[in-house]
Amino acid sequence: MSTTLTLNLKVWRQANTQDKGKFETLKAEDIPVDASFLEMLDIVNEQLINDNREPIHFDHDCREGICGMCSLNINGIPHGKDSGITTCQLHMRKFNNNDTIWVEPFRSKAFPIIKDLAVDRTAFDRIIEAGGYIDVRTGSAQDANSLPIQKELADDAFASAACIGCGACVAACKNASAMLFVSAKVNHLNSLPQGQPEKNKRVLGMVRQMDSEGFGNCTNQFECEAACPKEISVDNIAKLNSSYTIAALGEAAGS
Amino acid sequence: MAVTSINYFIFMQALLGSIASFWNSSIGKKFIVAITGLMLVVFLLGHLSGNLLIFAGRDAFNEYAYFLHHMLHGVGVWIARIGLLGALVLHVVATIQLTIQNKASRTDYKVQKSQRSTLSSTLMIWSGLTILSFIVYHILHFTVRAGNDYNSVEYAIMLHGHKAHDAYTMVMHGFSWMPAVIAYVIAMISLCSHLSHGVASIFQTLGLRNKKSAAAIDLGAKLYTLIIFVGFLSVPLSIYFGFVK
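These protein sequence lines map, in sequence, to chains A and B.
Note that this note's numbering numbers the first sequence so that position 25 is 63, with each residue one more than the last.
Note that this note's numbering numbers the second sequence so that position 223 is 292, with each residue one more than the last.
Hint data in this document are derived by calculation from the structure and do not stem from the laboratory.
Heads up, a few of these hints could be off.
What the simulated footprint calls covered on chain A by chain B, stretch by stretch (three residues with Cβ under 8 Å from a Cβ of chain B suffice, anywhere in the stretch; the number is not a length) [unchecked claim]:
#1 111-117
#2 243-254
#3 268-279
So, partial list: chain A residues that the calculated Cβ filter (under 8 Å) puts toward chain B [as the list claims (entries may be wrong)]:
#4 T44
#5 T63
#6 E67
#7 N135
#8 D137
#9 W140
#10 A148
#11 E167
#12 Y171
#13 F196
#14 A214
#15 Q259
#16 F260
#17 T283
#18 A286
#19 G288
A short, non-exhaustive set of chain B residues, derived as facing chain A with CB atoms under 7 Å [said to hold, decoys possible]:
#20 S87
#21 S189
#22 K314
A virtual CB, placed ideally from N, CA and C, is assigned to each residue, including glycine.
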């Protein structure tokens, strides 16, 4: 097996948010099989820069699968077809020599394209601002075991908290729905004692912000769960549905 | 008196505001779709059990039809009709609005692969609209009885000492005509495609599904869909092919 690959890239190029954008065909040569997908793009970009051409713009940060910054729809699937990984954890050994790879940005009306493959995901930040926190005093952390929490609850909350907010759920959903992200963030806090005093306010605030950002509605196809690099469960969505309904009824009764 | 009516006005305004905000939220509207879907799912089972009486013979079927039209002195059937019509209208209006919003939220990919979606789940709006047009046809066919002579004196009979409608002969006649049978078969294929995604979805949207119950819910939904498909098709097909005379 050769240790380097030659690949045909079909990369989305778009100068700015208003630009119509189009695919550009680029040849990626001498790509080591041990390179990550992002490192492959780095190599292509170096060549583009040497040729005095505009490099491909794409989001990245930690490059170890925990920051949620990298994105990309690779051959039709967010973060590529392997499950449980982000684009930075996808390695070129998963591809064959002379493969054609389609590279597109995460597409959604709520994630406008900034340039090329980089999209604006601040809609997620605004959803967090609408309730994805707890109002407690700041200061030094309290003693780790001062709040006893059942093991099952802690596990559930931790599984939900694993969401890195990358937006793959929105990118994979045919309705560009953000339900998996919002439900993970809501359940993470709502299932713990620290989050419970504000649980109704949180779910109402975050769901309303989600709706106002222009995300679509969940149609229970579970593409999000399949695409999620952290394998967040759609059980979160079921829980969000009932918590929202209960909170909305409570709000109506209180008004 | 004036204060009470102002309080009442404020209360009503707040209540209507809450209902509007629930209806306008993504989850609220889906909740309405699920609840109305559940009503229609339960109705289908009732409808099917009545239909199958055709195999019990003319008198049993006509007696059942007579009972439906005279329960609660004839008011019962109208309560059911208005309730079902209300559920249907809410279900259709909400899903059309949701579908329009969903299309508006997405910008299209050049290459997009699905990993989980079933074919039925991607066709919900189309199977739904097919069923809607079938419901209109079905009501005109056997309820309003437009474009046929099922309301004529030929179909008025005496049954156990009271005047009744010969629903049995109507159904036998209705399903002896091939185009009608074909329309019913197409409608049932659409219905079962719709149910194969919709029934399990009800549980997810109402928050009653999780990884532990998922297998049981999916199996139950499949069984229900199969019963509806085989049960509803058994009537027109056995009449058309002469198994029931």
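Structure-based check of each hint:
Coverage of the stretch 111-117 of chain A by chain B holds [criterion: at least 3 residues with CB-CB distance below 8 Å; count 4]. With 7 residues bearing a CB less than 8 Å from a CB of chain B, the stretch 243-254 of chain A meets the requirement of three and the coverage assertion stands. Counting residues of the stretch 268-279 of chain A whose CB falls under 8 Å from any CB of chain B gives 8; the rule of at least 3 is met. Given the 8 Å rule on beta carbons, the hint for T44 of chain A is violated: about 20 Å separates it from the nearest Cβ of chain B.
Taken as an interface hint, T63 of chain A does not check out: its beta carbon lies about 12 Å from the nearest beta carbon of chain B, beyond 8 Å. For the restraint placing E67 of chain A at the interface with chain B, the shortest Cβ-Cβ distance is roughly 23 Å, beyond the 8 Å limit, so the hint is violated. Interface hint status for N135 of chain A: violated, as the beta-carbon distance to the closest one in chain B is roughly 20 Å, over 8 Å. Checking D137 of chain A against chain B by beta carbon gives a least distance of about 13 Å; that is not within 8 Å, so the hint is violated.
Contact between W140 of chain A and chain B, as hinted, is supported at the beta carbon level, the nearest pair being about 4 Å apart and thus within 8 Å. Given hint, A148 of chain A at the interface with chain B, holds; its Cβ is 7 Å from that chain's nearest Cβ, closer than 8 Å. Hint status for E167 of chain A relative to chain B: violated, with the closest Cβ pair at about 19 Å, above 8 Å. Checking Y171 of chain A against chain B by beta carbon gives a least distance of about 21 Å; that is not within 8 Å, so the hint is violated.
Given the 8 Å rule on beta carbons, the hint for F196 of chain A is violated: about 16 Å separates it from the nearest Cβ of chain B. Satisfaction of the interface hint for A214 of chain A is found here, the shortest Cβ-Cβ separation to chain B being roughly 4 Å, below the 8 Å cut-off. Satisfaction of the interface hint for Q259 of chain A is found here, the shortest Cβ-Cβ separation to chain B being roughly 4 Å, below the 8 Å cut-off. Because the beta carbon of F260 of chain A sits about 5 Å from the nearest beta carbon in chain B, less than 8 Å, this interface hint is met.
Interface restraint check for T283 of chain A: the shortest CB-CB distance to chain B comes to about 5 Å, inside 8 Å, so the restraint holds. This hint holds: A286 of chain A has a C-beta 5 Å from the nearest C-beta of chain B, less than the 8 Å allowed. The restraint placing G288 of chain A at the interface with chain B is violated, with a minimum CB-CB distance near 10 Å, outside the 8 Å limit. For S87 of chain B, the shortest C-beta to C-beta distance to chain A is roughly 3 Å, which falls under 7 Å, so the interface hint holds.
A cut of 7 Å between beta carbons decides the hint on S189 of chain B: the least distance to chain A is about 10 Å, and the hint is violated. A cut of 7 Å between beta carbons decides the hint on K314 of chain B: the least distance to chain A is about 44 Å, and the hint is violated.
Of the hints listed earlier, those the structure fails to meet are numbers 4, 5, 6, 7, 8, 11, 12, 13, 19, 21, 22, in rising order.
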